[in-house]
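Participant: Chains as they are written, first to last, in our numbering: chain A, 1 to 416; chain B, 1001 to 1416.
Hint data in this document are derived by calculation from the structure and do not stem from the laboratory.
Hints should not be assumed to be uniformly reliable.
Just so you have them, the derived chain A footprint on chain B, three or more residues with Cβ under 8 Å [stated by the list, open to error]:
1. 1023 to 1036
2. 1307 to 1320
3. 1368 to 1377
4. 1384 to 1395
5. 1398 to 1407
Straight line, CA to CA, 25 Å or less: simulated PhoX-like cross-link-like pairs of lysine-lysine [said to hold, decoys possible]:
6. B:Lys1225 to A:Lys6
7. B:Lys1399 to B:Lys1081
8. A:Lys14 to B:Lys1225
Interface residues of chain B toward chain A, partial, derived using beta-carbon atoms under 7 Å [as the list claims (entries may be wrong)]:
9. Pro1219
10. Leu1296
11. Glu1299
12. Ser1361
13. Ala1362
14. Met1364
On a predicted model such as this, the values are computed, not experimentally measured, just so you know.
Ideal Cβ positions, reconstructed from N, Cα and C, are used throughout, including at glycine.
2 protein chains.
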Amino acid sequence: MEQIIKDLAVAARKAGHDVANLTTSQKNRVLLGMAAALESEKAFIQAENAKDLEAGRAKGLSAAMLDRLELSDITMASMIKGLGEVIALPDPVGEISDMVKRPSGIEVGRMRIPLGVIGMIYESRPNVTVDAAALCLKAGNAIVLRGGSEAIHSNMALAKVLQDVLATEQVNPAAIQVIPTTDREAVTLMLQLEEQIDLIIPRGGEGLIRFVAENSRIPVLKHYKGVCHVFVDASAKAEMGVGIVMNGKVQRPGVCNALETLLVHEDCAATFIPLVAKELLAADVEIRGCEATCALVPEAIAATADDWPMEFLELILAVKVVADMDEAMAHIIDYGSNHTEVIVTENYSHAQRFLRQVDASAVMVNASTRFSDGGEFGLGVEIGISTTKLHAYGPMGLKELTTKKFIVYGDGQIRA
Amino acid sequence: MEQIIKDLAVAARKAGHDVANLTTSQKNRVLLGMAAALESEKAFIQAENAKDLEAGRAKGLSAAMLDRLELSDITMASMIKGLGEVIALPDPVGEISDMVKRPSGIEVGRMRIPLGVIGMIYESRPNVTVDAAALCLKAGNAIVLRGGSEAIHSNMALAKVLQDVLATEQVNPAAIQVIPTTDREAVTLMLQLEEQIDLIIPRGGEGLIRFVAENSRIPVLKHYKGVCHVFVDASAKAEMGVGIVMNGKVQRPGVCNALETLLVHEDCAATFIPLVAKELLAADVEIRGCEATCALVPEAIAATADDWPMEFLELILAVKVVADMDEAMAHIIDYGSNHTEVIVTENYSHAQRFLRQVDASAVMVNASTRFSDGGEFGLGVEIGISTTKLHAYGPMGLKELTTKKFIVYGDGQIRA
């Protein structure tokens, strides 16, 4: 198996050099072809997907898991729509910036270039196969995909359809590769190929991501979890605070930019906490409060030390009263996950200081944590979120799949 | 020892939060204080340096090693001058860019922020202690330094002087830390502290860098070696080609941006190779040539397969005749190290295609490889060079010690 994976990555590296040099219109023509092929090969893809669904049912996968696995007509249509969105994105490759003439006479600037080969490791949802392959191709990269074992037939079928389009358009089909085994050892082997793969992006549960981070010799862009806070300052407009808290907690509690902990300034706690608690309880949200919170809300459960670093991902909210903004920011340093942090305030200086000083990939004033998303931020389609600071910090789009090299125009300069 | 290193890194993380919020003038005042302290504490520093030199002599270090180790009056003056250059650099922290209003009504932009804590692992030259600490501080980062065992007294003395300045200026002195042991295990332990250290920059021989890359859980920015090529195209001006080859090979052969392999288009080989060979031989450069080269230069030695991927770092040059630019670019893919690649040409289309298609951190037309340097490129003081593509590709300056977070100004927006 080691040799199969190595050969596949070597072929991807070679194909990466080829796709790096495609023009924007060549790439868009391939993406259009992919959209057409997903439509025309739908029966084949859904037949392969049915094998995964059947095996999943036999293995006793939950209804939610089976739902994520299914390539229904709606999912197929959404993948095809996604390809259209990638076509519409501007091509970042070749963009030149920062051109300056230096005292030596050389002209130096930077040119945006593809990263090379992206390794994508993900669970359950086979639509990631198409979304990720399309984004990587548009940024001029080859991709090596490693989906979950439960989706192997679906992923192989989707990859075959995409590769056939590459071949038809006379692009090296090795630019899109799927690791053809469900063995976990394959992931470990893939993570050693630092000569062939430039970046690993894992998507899935915290267990998968920790496994990847701990075993990779290749740089990894990842986030483990989103423990997002809203701090309601003394000067906050109460209705605005309630709206932002409710949206963060209730609109879609199972995602990483959902709200997990509410911090409230003690000067407004007595009025704000009962107000927001009423709405939260009406929406079936369990409140785990500090002592002061529990004194204000009879229905609240006393929070334990485990609640503050917790990503609940369900209708549970930790609530704490703090003496001031400094205590709120110290709490965020201690328990935040560098994902998204919000202040609700009418105090200009507090807003500016919170924006500057809080260390998270997204810091917001008077807006819901739920806006922390590539689409909402204007990056176009999102390939993932990074909460580590190297290369990308926050939602990642097409540009984050590229880098910049230095270019120099000289006319014979030598160094003195 | 594990606990000592962990405590030190935890203190650095804490201090990182403090120095991240210093103003530009506070940071510059600290740097000025450091320059003054290096002057006033010179006797103490040089006395500690003398202990390292004595131990080095007893251990039989080479004259070149002892030279690198010595904190002479000239080296001290150069460190002080370097601090002045860092003071003069613009502060990148807090810079806001890409601010846009989104359809939802939120305003989204990016703010440049420090990375946090930088781990620097280096050999022999104790002046790196001061250069690196100054750059990291100016970018708002804390630093954990791990120098070579042969320089331990010098490094501890320099760090003490710098820490005293931090304390005098009421900045957390834990922002500059030196690992107080010469044990190699300390490096391994340091490389596991991904919660405390954000980035590792190793500087030294290929052995050290490979050890760091293979053992680090923390992202590493590095280059193993520089196998830099010059391709002399058929249309090149011969004198320009000779000048660029001689400067690349002879001006400072022991550095990573020196020239290692010359590729010559076959249409000009018969005239160009004898011309450049005459100059090379006059400068005592050994020529290791392909068959065609050896036929033109009687003094040339036949190159073996080992010569093409070799970073000679001395007065040896590999020379190969190629059929065309495509063969030259294929050779660079096979043997290049993503460092610096040069074309000498008068052909406009070739120049543009070489700039676009060659995958290296610096790609140049008609200029010496020796310009691949942070100072020459206008980055100010250089902290290192990266030949991996994540985060930074090529020479790294102050900006590469920072990242960007997203900031959002809202007025109560929630997501629909």
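Participant: Confirm or reject each hint.
Facilitator: Now the hints, each set against the structure:
Against chain A, the stretch 1023 to 1036 of chain B contributes 0 residues with a C-beta closer than 8 Å to a partner C-beta. That does not satisfy the three-residue criterion, and the hint is violated. For the stretch 1307 to 1320 of chain B, the stated coverage by chain A is violated: 0 residues have a C-beta nearer than 8 Å to a C-beta of that chain, whereas at least 3 were required. Given a C-beta distance limit of less than 8 Å, the hint that chain A covers the stretch 1368 to 1377 of chain B holds, as 6 residues qualify and 3 suffice. Counting residues of the stretch 1384 to 1395 of chain B whose CB falls under 8 Å from any CB of chain A gives 7; the rule of at least 3 is met.
For the stretch 1398 to 1407 of chain B, the stated coverage by chain A holds: 5 residues have a C-beta nearer than 8 Å to a C-beta of that chain, and at least 3 were required. Taking the CA atoms of Lys1225 of chain B and Lys6 of chain A, the gap is about 24 Å. The hint holds against a cut of 25 Å. Annotation: proposed proximity of Lys1399 of chain B to Lys1081 of chain B holds, straight-line Cα distance about 21 Å (limit 25 Å). Straight-line distance between C-alpha atoms of Lys14 of chain A and Lys1225 of chain B comes to about 22 Å, which keeps the hinted pair within the 25 Å bound.
Hint status for Pro1219 of chain B: holds, given a least beta-carbon distance of 4 Å to chain A, under 7 Å. Residue-level restraint check for Leu1296 of chain B is violated (minimum Cβ-Cβ distance to chain A is 24 Å; threshold 7 Å). The interface hint given for Glu1299 of chain B is violated, since its Cβ lies 24 Å from the closest Cβ of chain A, which is over the 7 Å cut-off. For the restraint placing Ser1361 of chain B at the interface with chain A, the shortest Cβ-Cβ distance is roughly 6 Å, inside the 7 Å limit, so the hint holds.
The beta carbon of Ala1362 of chain B is positioned within 7 Å of a beta carbon in chain A (closest approach about 4 Å), and the interface hint is therefore held. Taking 7 Å as the C-beta contact cut-off toward chain A, the hint placing Met1364 of chain B at the interface holds, the least distance being around 4 Å.
Against the hints set out earlier in the document, violations occur for numbers 1, 2, 10, 11.
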